[in-house]
Each structure stands twice: as structure tokens, then as C-alpha cells.
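Chains as they are written, first to last, in the working numbering: chain A, 6 to 681; chain B, 414 to 574; chain C, 431 to 764.
Simulated from the structure, these hints should not be mistaken for laboratory data.
Hints may contain errors.
In silico SDA-like pairs for lysine to any residue, Cα to Cα no more than 20 angstroms straight-line [what the hints assert, rightly or not]:
1. A:K314 x A:T361
2. A:K544 x B:G509
3. B:K445 x A:T125
4. C:K572 x C:T640
5. A:K127 x B:G485
6. C:K597 x A:R414
7. A:K486 x C:T640
8. C:K597 x A:T499
9. A:K530 x A:T499
10. A:K530 x B:G485
11. A:K127 x B:A524
12. A:K503 x C:K597
13. A:K238 x A:E191
14. A:K475 x A:G440
For clarity, every value in this text was computed on a predicted model and none was experimentally measured.
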Amino acid sequence: MTQDNGNSQDVQERIGVYVCHCGTNIAGTVDVQQVAEWAATRLKRRGVVIGRDYKFMCSSLGQELIENDIKELGLTRVVVAACSPHLHEATFRNACQRAGLNPYLCELVSIREQVSWVHTDKVAATVKSQAVVSGGVERVLRHEPLEPLRVPIHPATLVVGGGIAGIQSALEIADAGYRVYLVEREPSIGGHMAQFDKTFPTLDCSACILTPRMVQAGAHPNITLLTYSEVEKVDGYVGNFVVTIRKKARKINEELCTGCGICQEKCPVKIIDDVYEAGLGYRKIVYTPFPQAVPKFPVMDVENCTYFKKGTCKACEKFCPTNAIDFNQQDEVFSVEVGNIVLATGYDLFDARRVTNYGYGRLPNVFTSLEFERLSNAAGPTNGSIVLRDGKTVPKAVGIIHCVGSRDRNFNNYCSTICCMQGLKFAHLVHERTGATVYNFYIDMRTAYKAYDEFYQRVLEEGTLFVRGKVAEVTDVPRIKDEEGHLIIQCEDTLAGKQRRIPVDMVILSIGLQPRADAKETAKKFGLSCSADGWFIEKHPKLDPVATMTEGVYIAGCAQGPKDIPSSVAQGAAAAARVLGKIQQREMALEPVRASINQDQCSGCRICNNLCPFNAILFHDDRMVSEINPALCQGCGTCVAACPAGAISGTAFSNEQIMAQIEGLMLLNVGEEITL
Amino acid sequence: MSDESFEPTVIGFTCNWCSYRAADLAGTARVKYPPNIRLIRLMCSGRLDPTFVLKAFSSGADGVLITGCHPGECHYLEQNFKALRRFHLLRRTLQGLGLEPERVKLVWASAAEGVKLAHEIASFVEEIRALGPLHWGGNGSNQSAVISGQSTAHAFKEVPA
Amino acid sequence: MSKYLLYPGCSMETSARAYYDSLKAISGPVGLELEEIEDWNCCGATEYLGISLTPAYALISRNLALAAQQNHGKRAVVAPCSACYLNLAKADYYMREQPTLATHVNQALAAGGLSYTPGSLAIRHLLDVLIYDIGLDTIKSKVVRPLTGLRVAPYLGCMVPRPDYEKRWSDHEHPVELDLLLKALGAEVIDFPLKTHCCGGHMTQIGPETAFELIRRLIVSAEAHEADIMTTVCPMCQMNLDAYQGEANRYFGSAFKMPIVFFTQLMGVAFGLDPKDLGFGLELTSARKAMSRVGVETPEPPTSAPRPRKDSSLPMPKPLPTKADLAEKVEAAK
């Protein structure tokens, strides 16, 4: 540690430089003591009055060093050379604030991730650290004290997606006393969970645990339920979003409809329901997707309606006792103001037709997991009987194939998390209902959570036969007499060390989960990004799974990645907690990293106007100058770089600061040359 | 022309959301790359004013590496496209000034691509070493840079997603 | 006219003569101009690659080097035989992926004054060219005698749709190309589930029992779907199912009579050409009955008496003389 009490000749500021050892993480490669001494002596003329090195700057003792020096030495700027600003910038800024120095006058430069951890040459690493410190010093000389921008938080919340995660989020926020707009694309809330029969591992009836929540959400005074609706546009920023919603025309007047269901009964046209019944059952043109639908209002499928196609029928109108059918009803488009958004848009299923060797779509008795759920569901197309595609034969042997479309480089590389438990659940149900012989073909058995492995053991004891190996083919071509009339599963039994051909009557494919087909578009709408696999990206995969890089937008449930029901509920609740935290504080401090236009210098060329993706730059026609809305500005700095007059300056990343940093990195102001 | 004992100095511009995090990831993964590069953090590659690049060269840098998020993945939605446009124009301008356009390189790296970024840095340092020192004029030598007539066919290399 | 370089392969002029004849016959009508590669050599089939890689690839690449010399104005190298096609495509692919292989192969080729730059030729199978370059519409327009009522089992064999380096086929397990072509000819195409299953290949020479079982499965499946005739693109598949059907019958005690012809022969019939020019009559399992369903008379394949098998059994002792024999002897002595 070296210090000098007098001011330097060139600059007015008093800078403290702190170099962290980080144990041996930095000190093992960089001569930290030398760097601190170098800063205090060679950069004295740049304003450095003290240079210290310390074992762990981020510790309370380390922070106290800074705080004491600010108070006792009258420091006006602080440079800390340690780990990445993504980790501890806030820590050191807060320390400065506590000592009375504006936090934005502190700069953290990385000599760990970007020097000591990536270089082996100690001499070169030390010299580079000096350059990095010098860059930080030059930069911080041009810093200005900044105040965070405070924006009010609107207390209403938008929840997109009425599956279990969305419902959970909506209920928690509504129970806390705040308004929620719950937007769902389908005619009813409930999501995929409404289609299942039983849920693992408790074998609770899915509808029985879901419908009370659905009813609660439908009846809650604080929840505005907007089903058969979609979000069209999102404007604004955290605390102040303006969301445009399109409520599609049900052709049913909700004020008059009593939910009696006569229209559905009398509708003469039946078509295959490939959404709710997974293509196994039928529905009418005027329909509610399932009996426990919330809200109870049916919906008219305009594309297939006889009236809309040919101008005849109108049976529903004739029989409706309250005159609730309105063929002329139009979509309603309106906007709502919300402070926060929770995206819980769920998942799509992998298309099993892509795996041609499993024969789905070609061989009648190959079913997908969702089709099986509908078969097994007492309210499904076969009233709960597990039968073959002919609708009557009960299978005597069933094969369940795990990992279809998952853990497969030809399709999706990731594990879909729930398919093993799902396959075990099916095995149990088939045993219980039909007494058939059940084979499960798996690669690994993934039964990680509470009571999951116990469920696996139970299914083992029930007599399900497990074959560890990937299934090569499902075929109907017999090779020997015993195979005739059956589906043959050709697989590798890795534990027995041989290939096997196992004849069964029914094959169930445990298909994987995929992001929604329009996930990318949705992400763009809300200002999020998608990962390489297509799921929404969370702020931090370990420590922040429900927040996103966009302030005020949260994600929950399978939209973030495949997961089971308890995890979806937990994430829904977590998102709600974050939102409630924001609403409670009533206002939020935004980082003051944004641009502003010096209107005297602005020539009105408007080059900047089109560069801003957040529409933060407005043009004043009367004065012929542009202006930046500081609340909308996200601080990317593109306009700063583009302005030909140099009229736009960016706080925290100004031209002066960066030019200075370049000079500092190149060790220009140190005096004599340093050779590498 | 190449000088065997010449150690180039390269300035790298990174964007806060993707490439800076990639550099951090390279650090956490302890992937090694040459110490010849010194990184500057910007909020976005769109912030890159071409005068920064000229400042870097005139301050003594021999090469400049510009990095940012992959097109379509910019945290500010589309600003990296603007960086791309500026980069192409900058290259042509540098050529007109008598600088080898290969001294500036644009690399896209997402936050998960730490290893790739480290490799890109290493290969860029070698490319600059082969080109030789820039000797912009501020460092005592009056040897002018070789005017390169090469095409800009390999203007930037995309770190594959 | 679309110009292509033709790599015929060794079987074209011998066991797959029907393929060659029918190909020549239909190429005019569909506008396929084929120029044979000068001085081409055997591709090494499947055996050589199992023995020694560099000489095997050098052998294949000599054809590629020769083709490259003739490549002006041609769209691609086309091979009708599946094994030849796969060998040419494989050699080109591996030489691209592994530069050391390319170096070694080019060293070998240099001894003959040749060289080949991998990736400089497009290598396509005949079926691929007919469907995607010539087009089903063109083929359909040339049909004068649709094969209505003829139930055909499309048997593609294993070497064409896999490994599919250039991603040209609709699927690797159940591709639809041959089905579509036959539908364009007006035939009734059965949904043949074993269309890309193995025919046994050279197991007919090495391990006949295995081959017979594989052949049996294919024919049983075709029969189960009530096919009149099977059609294929590969000379090996055709030979195995045709020439070895008799042996398979003897082995299993079955009585299969499933004819199998090349798809170009069916194309020729649909185009109204004379069956004799299309190689009909060269097959061993007669296609006469099947083709009569579309009113086409095809020559009967030559029947020859079964070659007398060399009898290696040992002689039996003579039976005891009966009373009648003794009486005859006594009579003769009188």
C-alpha cells in the first residue's frame, strides 16, 4: 500500500485503486501487490492517491477499506480491480454509496475472469492487469454522478397462458388484492393438465385437482378472465406496459348465455377434435372443449360452421332459450395497462410421425401418450376403456416406449423430464384396467423427485416388465407364426445382451415436450429471447429461473423448459412473488444507463429515430429536434454512435469515457513505455 | 512481413449481454488465450462508434476485435445488425486509409460460447502477429503500413451457434 | 435434354442386363442423355472396403477422376446400381471429411496420371435423377399404357436411402420416391413395410441360410399384401430375390413364384415399348403371369432341366433276391 496525500498535477480528482487477491484466484497469477503499488506511483499524475491490495475485496472488511478511505482521504473516484462486474459491481457501488460517494463514480474492472483465469504467463498477466487498471482510472475520471430513474409500478398484472402455472400465478397475485388479466388462447383455461387422466406419483385424478383452481380463477373478483383471446402487441416498459389484446369472437353473447349446453346438443355437425381429444374424439361446431370448462360459454368454430360456409342451418340460434347466439359478433381489440407480465404459455408435443420406424400414423395400434391419456380418461372418447384403434378390442400385451423424440440427436437432444414417470403411470393404469402384460422400453429411468422412485418400485412390483434398450422398430410384419396379428417391437435388451422381438397388441409412445410452435414470435412480442432449443431464456439458469433479461416480464412453467406439475406450480408462485414484490414497492429504480440528446446540437436529421427498436426517440416537429424518452430508453447506445453531429451522449458509456479507457488500456498516460 | 519476437496488442470490444459474458465464461472454464488482448465492455455492439476503432489504432493497437450477440439474439433486439453495417463500411474506410482490413474482425458469440470466443481470440492474435506491427506513427517508427490489395471476402467469421 | 455421366457398373452388362436394356430404352423418351464414363473400372462392390480402405477408395476414385475429366456441361454422375452409387458417394464424402484420405488416394491416382478434388462432382442415384430432375410430370406424360390393376411392391433396398450424405431422400426408413414413380405409371402400389429391409446381399455366397431367411421375409410380406410383382432399383436385390428364389423354395419347402423386375422395365412397359427390348425374359422367376394382368405379353424365360446334382452318396447293398427272381434265373438258364 502506498499513498500520497497531495493532489496530482494533471487532474482534480482523488482516486482510490483497490486490487483484490481473491485468495489465490487472482494473486496466484497476477502480482497484485505490484499492481497496487504501480497504480499509486505511476498513475499518481492521473489522480490516484492510494493503491491498496487486499485478500477479498468483496468481504465486509474489504468494503470497509473503501468506505474508510472515502471518508478519511476524501476520495472522489474508486477503481476496484477484481472479478467480473456482473458479479460484484453492485457490491462496490453500494459500499461507495454508504460512504457518501455517488455509486456511479465507482468502476469495477475484471482481472480475474479476463486475466488471471485465462492467462498462464505471470509477467504478461501482471502487465495486462496494470493496463486494465489504467483503463479503469482513465475511464472513471470521466464518470459523472448519476441518479437512478424512478418509475411508478402499475398494480395490475398480465398473465399469458391459463395452464396450471398461469392459474397459480394469477390466483396468488389476485389473492394479494391486485388485478390480474388472465389471457388464454383456447376457449377454456386448464391447459394440458385438463386433458390428463391421472397425475403421477399420487395418481390423483387430474381434473379433480385442477378444476377447483379453475373455478376459483374464473370466479375471483380480481381476475379478469380473457379466454379465446390473444395478445397482439406489447408497448411500454416495466411498471408501465400497454398491452393490446384481441378477444376473438365466440359468436356467443356472454351476457345472455347461461351455459345450458342446448346449442351444443342441437348442432348437427360433428368433426374430429384434434385439440382437446388429441384426434381420437369428436366435437360439435358450437362446443365447449370439455364439460368443466371455465368459462362455461361455448365457442363457435367459424371455419367449419354450416351457416358460415353455406348460409343455412342456424340450429343453435333456433334452440337457444336466451337468444345468446350472435352470428355477427366481431373480435374485440382493446388495450390494458399493466405493471408486470407473466408468460406461462406452456408446451407443444413432439410430432411422433417424424419417427417413421415407430409407425405412428401408419400402424393403427401405435398411440401417443396424449392419445392414451384420452383413452384412459373416464370423460374421454371411450369412457375410460383402454382399447385398440378398432374401438372395442382390449389389448392383452402393451409396449410403452420411453424417450420418443427426446435424448435423440435426430430430433430433440434434451431430456423431456416427465416421460419416464408418464410411462410408469401408463404401465400402472394398463395393469389396473386391463390386466394386460406390460413392457416398458427405457434408456435410463429418470424418477428424481419426491415419491417418484417409490412409484417406480411399486410399478416394478406390480409385474411390469422392463427392457433397457432403445427400440429399433415397431412393425407388423411377422417372422414366425406367434408374431402374426401382433405389433412387434424390435429392440435391444442391453442387460440381456441380445436383440429381442416382442409381440404386443398396443404400443404407447411416451413423446417428448417441445416449445410452442410460435414461441419465437411470442418471445419477440414480449422482448424475450429463446434458447437454441426454443424455450424462453431465464435470467440465470441456476439462481433466477423465473425472471428474464427484460425487466417486468417473467416466465413460468413449461414455457421455460420441460418440467412436471409441482415444478410448474412452484414457478408460477415464484413469478407471482416477484411481481407482488414489485407492486408493493410502488416504484422501481431503473439503471441510469441511457442516452440523451443535446437539443442545441441536434440538427434534426432524424437518423437516430429509426435506429431505436424501443421507439424511445420522438421528433418534435415544431422545434425540429429529437428527444429521447428516458423511461423507454434501454441504454444500448446505438443512437449515440450514429449521431453525425455528436449531439447524443450516453450516460455511463459516453464517448469520452470509452476513448479514455482505450488510452488507458494502451498505457498512454503513464509516461514511459512499457514493453510486453 | 512478420517479426518473430513481435507481441501484438489487440483491443476487443464486447457487448454486456453476450460476448462479455462469453469472455467471463471462458474465465470460469479456465480456457486459456493469449494475453495480447485487452477487452472493453460496451452495453451493445451497436454502441460501437467507428471512431473507437480508429482511436484504438492511433493509440498503438495492432488489431481490433469487435464482438456481439448473434444476429436475431441481440438483447436490444436488432442493434447488432447496425454494428454489422458499420463494420463493413469501416473496413472499406480503413483500406482507403492504407490499413490492412484484416486488422479489424467481427465475431458473434453468445453468452454460452466461452470456449469458441477464446479460440477466436487466439486465432485473431496470430493473424495480427502475421500481419506485423501497425506502426501508426505515434510509436517512434516511421514505417508505413503495407497497403493491402486483398479482398474482404473473409470479413468476419461467425462463431457457429 | 438433361446430360449426365453414366457409371454403369459391372452388373449392367451381365446379371442386370435387363436394367441396362430398359434404361437405354426409356432414357430417350424422358429426355435423359447419358454419356458413359470412359474406361471406367469396377467400384469394388462391398467386399474391398472390408479388406483395405485406401486401395478400395483409390479404386472407386479412379472413376471419379475420369468422370471429372468428362464433366463439361453435365449435371451429375448418375449410377443405376445402388452399391456403385453408394461407393461413389461414400468415397467423395469421406475424402471431403478426411483430408488425409484424399491425399493418400490422390497419391495413388497420380501413379496413373489422374487426380480428383473431392466435392467437385455431384453423384446421384438414377431414381433420384428421374424423380427430382426429370420430374414425375414428364414421366406421367409419356405413359401410354398405364399399369392399371398391377399390384406392385416397391422394394428400394437398404443402400439407397441410407446413409444419405446429401439429404436427398424423403425418409430413411419409409421413403416414398419409388412409390410415387410407380403411381405415376398408373400401377397399384402396395404399402410395402419392408421396402428398405436387407435382401441378404452377398450372404448368398457367404452364409446362404441367413440370406434365404431374409429373402423369404421379403417375399412373404409382398405376398401378404397380394402383390403381383416386386420391383427394385438394385441389381443385387433383384438377383437375390429372383435367382435365389428357387433355392430358397428348396430350403424352406415353400412354393414362391414372386417375380421381381427393375423399375425401368415397368417404365418401359408403361411407355408402350416392346417388352423384349426391356429385358423381359431374362428374369429367372417369370414375370409373364404378372404382366399379363396389364395385357402385356412378355417372353418366357428360358427353362433348362435342372442340372444333375453330383451324387456324393455311398452305394447301398443290393436287396436279397426274392422267390420270383430265383424263378427267373432258373428260367433263363433253361
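### Query
Within a Cα-Cα threshold of 20 angstroms, do A:K238 and A:E191 meet the stated pairing?
holds, 18 angstroms
### Task
Quickly compare the C-alpha distance for B:K445 and A:T125 to 20 angstroms and report which way the hint goes.
holds, 7 angstroms
#### Entry: Holds or violated: A:K475 to A:G440, with C-alpha atoms at most 20 angstroms apart
violated, 25 angstroms
### Message
Given the hinted pair A:K314 and A:T361, is their Cα-Cα distance within 20 angstroms?
### Response
Violated - the C-alpha atoms of A:T361 and A:K314 are around 36 angstroms apart, more than 20 angstroms.
### Query
Within a Cα-Cα threshold of 20 angstroms, do A:K127 and B:G485 meet the stated pairing?
Cα-Cα ~39 angstroms, so violated.
### Query
Between A:K127 and B:A524, does the CA-CA distance stay at or below 20 angstroms?
Violated - the C-alpha atoms of B:A524 and A:K127 are around 27 angstroms apart, more than 20 angstroms.
### Query
Is the Cα-Cα distance between A:K544 and B:G509 20 angstroms or less?
Measuring from Cα to Cα gives roughly 43 angstroms; hence the hint is violated.
### Query
Do the alpha carbons of A:K530 and A:T499 lie within 20 angstroms of each other, as the hint requires?
Not satisfied, since the Cα-Cα distance of roughly 47 angstroms exceeds 20 angstroms.
### Message
Run the distance test for C:K572 versus C:T640: straight-line Cα separation, threshold 20 angstroms.
### Response
Given pair C:K572, C:T640 is violated - Cα atoms ~41 angstroms apart, limit 20 angstroms.
### Task
Sort out whether A:R414 lies within 20 angstroms of C:K597, counting only the CA atoms.
Between C:K597 and A:R414 the Cα gap is close to 16 angstroms, so the pair holds against 20 angstroms.
### Query
Straight-line Cα separation of A:K530 and B:G485 no greater than 20 angstroms?
holds, 13 angstroms
### Query
Is it true that the CA of C:K597 sits at most 20 angstroms from the CA of A:T499?
violated, 31 angstroms
Going through the hint list in order, the structure does not satisfy hints 1, 2, 4, 5, 8, 9, 11, 12, 14.
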